[in-house]
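K.L.:
In the order they appear, the protein sequences are chains A and B.
In terms of my numbering, the first sequence opens at residue 1 and continues consecutively.
In terms of my numbering, the second sequence opens at residue 1 and continues consecutively.
Worth flagging that the hints you see were computed from the coordinates, not collected in a lab.
Glycine included, C-beta positions come from ideal geometry on N, C-alpha and C.
Don't take every hint at face value.
Said to hold, decoys possible - Not everything, but these chain B residues come out facing chain A in the computed CB check (under 8 Å): (1) 28; (2) 72; (3) 74; (4) 104; (5) 136; (6) 137; (7) 164.
To be verified - Simulated coverage check for chain A against chain B, where a stretch passes if three residues somewhere in it have a Cβ under 8 Å from a Cβ of chain B: (8) 93-101; (9) 104-114.
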Amino acid sequence: MFQRKLERGSTVLGAIVGGGLAMLVLLVALFTRQALQDVESLKSAMSDNVQWTLSQTEVDHLHVLGALEDALAVQGRELTAAEVEEIRKTFDLFFSRSVMLKEGKLFLTLNSRPEFSDPLRQIRSVLRANLPLIDGPDDRLIAALAELKADIDGLRPHVREISVQGLALIAQQSDSRREALVATITRLMVLVAVLSIALVTVSTYLLIVNRKTLRRGIQIQQVSERIKTVLATSQDAVVVLDMSWKVTEFNAVAERMFGFRAGDVIGRPVSENVIPLNMRDLLHQRDRQRAGKTQVVTAGPRLEQFSAKRKDGTVFPAELTLQSAFDGTEEIIVGFIRDVSRQVADEKELVEASDRALTGEKVKAEFLTMMSHEIRTPLNGILGNLSLLEETDLTEEQSAFARSMEISGKLLMGHVNSVLDIASLEAGKMAVVLNAVNIDEVLQECVESQRGSAAARGNSLEWYWVGEPTPWVITDRRHLQQILLNLLGNAIKFTENGQIAIEVEQSPLSSNAKMTQPGLEFRVVDTGIGIPEEQLDLIFDDFRTTDASFRRAAGGTGLGLGIARRLTRNLGGDIGVESMVGEGSVFHFHIPVTIATAPDAHKDEDRKVSDSATLDILVVEDNEINLQVVSTMLRKQGHRVAAAVNGQAAVEQAAERPFDLILMDISMPVMDGLEATRLIRGGTGASRDTVIVAFSANVLPGDQQSFLAEGMNGFLGKPLLLKDLRRLLLEHVPKVRARRANGAADAMEPDGPELTRTRISEMREALGDDGTGRLLQRLAGEFDDLLAAIDDDLQACGGWPALSDRIHKAAGSAGAFGLVEMQALLAEMEDAAKSSNAAAIHVGKARLEGAWSQARPLLRF
Amino acid sequence: MKILKCARAILSLAIGLFWAASVAGGEFSAPSQDVVLVVSGDIEQTNSAEGAQFDLAMLQDMRQVSFETTTLWTEGVVRFTGVPLAEILERLGVSSGTIRAQALNDYIVHIPVASVEPDAPVVAYEMNGQSMSRRDKGPLWIVYPYDASDRFRTETVYTRSIWQLERMEITQ
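Extracted from the complex, chain A is given alone in its bound form (with noise of 0.2 Å):
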């Protein structure tokens, strides 16, 4: 538009700069001619003519005088023919001269003068006067000589005034004339300098114009020659259209993915061939859309999924993008075409490959779920039955066999349980929980534990600060044990007869140039075997030893580093190890903490929360001891509770009463937990609706989801504590959270030493004197074992696995027995010894042995 008006414009101009050229023209040429007139008239010169007439005049009346006086001379004789002649001959000469300047063209402005006209007027009547005398007869004129003489000499003033004025007059006028010619050229030199400005300013514009004319002119030839390489060289089939929808261009690739020349479809209307029909009614639709509005594609480019068809026939999937254009004189639309056949085949390669890999998820997942509960229970079984086999009466030989059995148990153990941690890190169920925590304290203990493992080997160990100490940080004390014990179990293993240090250091982390934050460095170094350089990238991989040799000498899964840089990248650090082979290696890492100040007080327990509403429970459980502890407990809260042994017996109970809750164990033979709540949910019975709560030890993180997916409500860990119970029955019993709303005062749970013999005084109503007493010496027994236990050296006695299984168990029946914080104090040991913190254990057992002297008086009826 802007550049039609600029068109418009420069025409105008155009018009105008033409129509003052034209009329400089004009006057060019009407001066010219002008001019030309000039020199014309100079060309006819006539002045020479003027003058050389005038100087005659004066000599002709010379000539007359001449013979007047020659004849006047002669004295003494009469005067010859010829002398008269001569006479007459000047006279008539002078004559015909003054005639000539009377009459002659070339004197006609002179005789206008009177300064000229008036002598010659003089001399022609003198001469006039005398023409009788010289037409008379010869005698008369001699006699009238010396008159005539007289008369002819008298015009001698005339006849110089004659000749003087004449010349001075044509002077002025060829003076005049000059000046006339003079400024004739001079306008013309003006108006041809005029001209010559405007042509050179004309020659200049157009000049200008030309060359923008040229460059414009390039300018489009480059676009169309980058749009003729764009079209070229795309990816994507080109394809232009008319508003006809016809085609205007058809570029190689097109021709390649639909198989038709360009010659073939140019100039026709696109659904002819090149669309297929699905196509078509799109641009049927199109076609709607462009009788009811003004634009054809809606302004910006529009991407189609649609399916092509080749020349052949073959159809393909393809990716259209439509877009109109205004090509200065019509729309047009461009469509850009994409065979994503390949794209396609991939996508759906993809999500296969993805499937394939969920299901691959699912299964490993079910994999871990059957180590944790197929492979470990059996496992204990056999360990436990050789431990009661050692006892029995055993040949030398026999002892060894069942020792060595007994170690690869436990290995078998160790190995079951480190897979296990994996999948607790991978599914994000080890939390970082961040604590003040005291790092002298932890590398004390970390030390300490593996002092004696360390000792077997020959290898000293240490621990030390470097530089400025912050003992109290903000970090997750169990993630930082795991790691330390970890790298320190792996330097023991790999050094003989060394020395083992641990380096501590403030080493702030820079995450960008203002922001730091304060952090620590550890790093383990031992005097060991070192690394091969190639090695070092992949030792922090699962199941990673450096080769099989050293694997054998050093046993191991391989999978502590790997849980290490798990530890390390949960606290938002990194590990690395640097090593040369003979020399020894450093194991460094680096992760964020807060600094902290020791905290003074010890934190209140959580609030003790009580329901004093009394539900109908039913417990589900197939082992007899747990049935009994929790049903006690249940009853001592107040409930009314009914035990089922297995999943069947559950349905069939539940079928029949409206129960407030179902605390239901997960594998119990006959039907487990899961099937029995299927069924329970999926019947008619009156407990249909009740909540279901799964009540299990050793749950993975996935385990939860499908419990509810089956339509279980919650969940609980073994051994049963009192606040979960009262946290799950507040969240999901409607009982409960009624009376709650109701605002009814919550009845103080018996506490401490008083739980303990409400809980015996329970047992000896349930089971008799002799059953609660058999029940107690078994605790007894249990507890003095598990502390016997932990006094060995930690890595001899069985692995970590044993000694958590043990100490499960124990707080088991800690719990059964109301001794609470025996029980919290061995749950937390039992998290310990799963992680393999040898620290927290002796920790925990020095505080285990304090509770349990308190305890043991307890215990007696």
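Using the hints provided, position chain B relative to the given structure of chain A.
P.N.:
Chain B only, in chain A's frame:
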């Protein structure tokens, strides 16, 4: 048409032959009246010791040309009648050289023979149908048809327009 053309050609040829024969025959008689023009110098035909002498009648007998023109020296349009100079030169067998023309008042001008055209200049003996007197640039005046062409309005032509012509001498 063709026959007519042919006839005309034959006729003009015949006249030409007749005229040539009369010249070649040396029939160049002396003037019977007052001599108005004497031509001397390098000429082939003479009729006196001075050269070729012409009286007015002799000139009037020759081919006659008449035209109207203005002149610088007369008033208004004037009609001149006379014999072409070329005619006189041819009669005298002059085909090259220079004519030295002289007037009564001793004005002299040179006219190259090569510049003489068939009909211009003309040695005029009549102006406006009358003989020219000595008092009016007579009796003979070499004139050109000035109005007919630019080439007759040059300074040279004006100087060659000699009046009161008395004699001509042909030199090579």
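K.L.:
Return the numbers of the hints above that this structure violates; sort them in rising order.
P.N.:
Hint 1 contradicted; others consistent.
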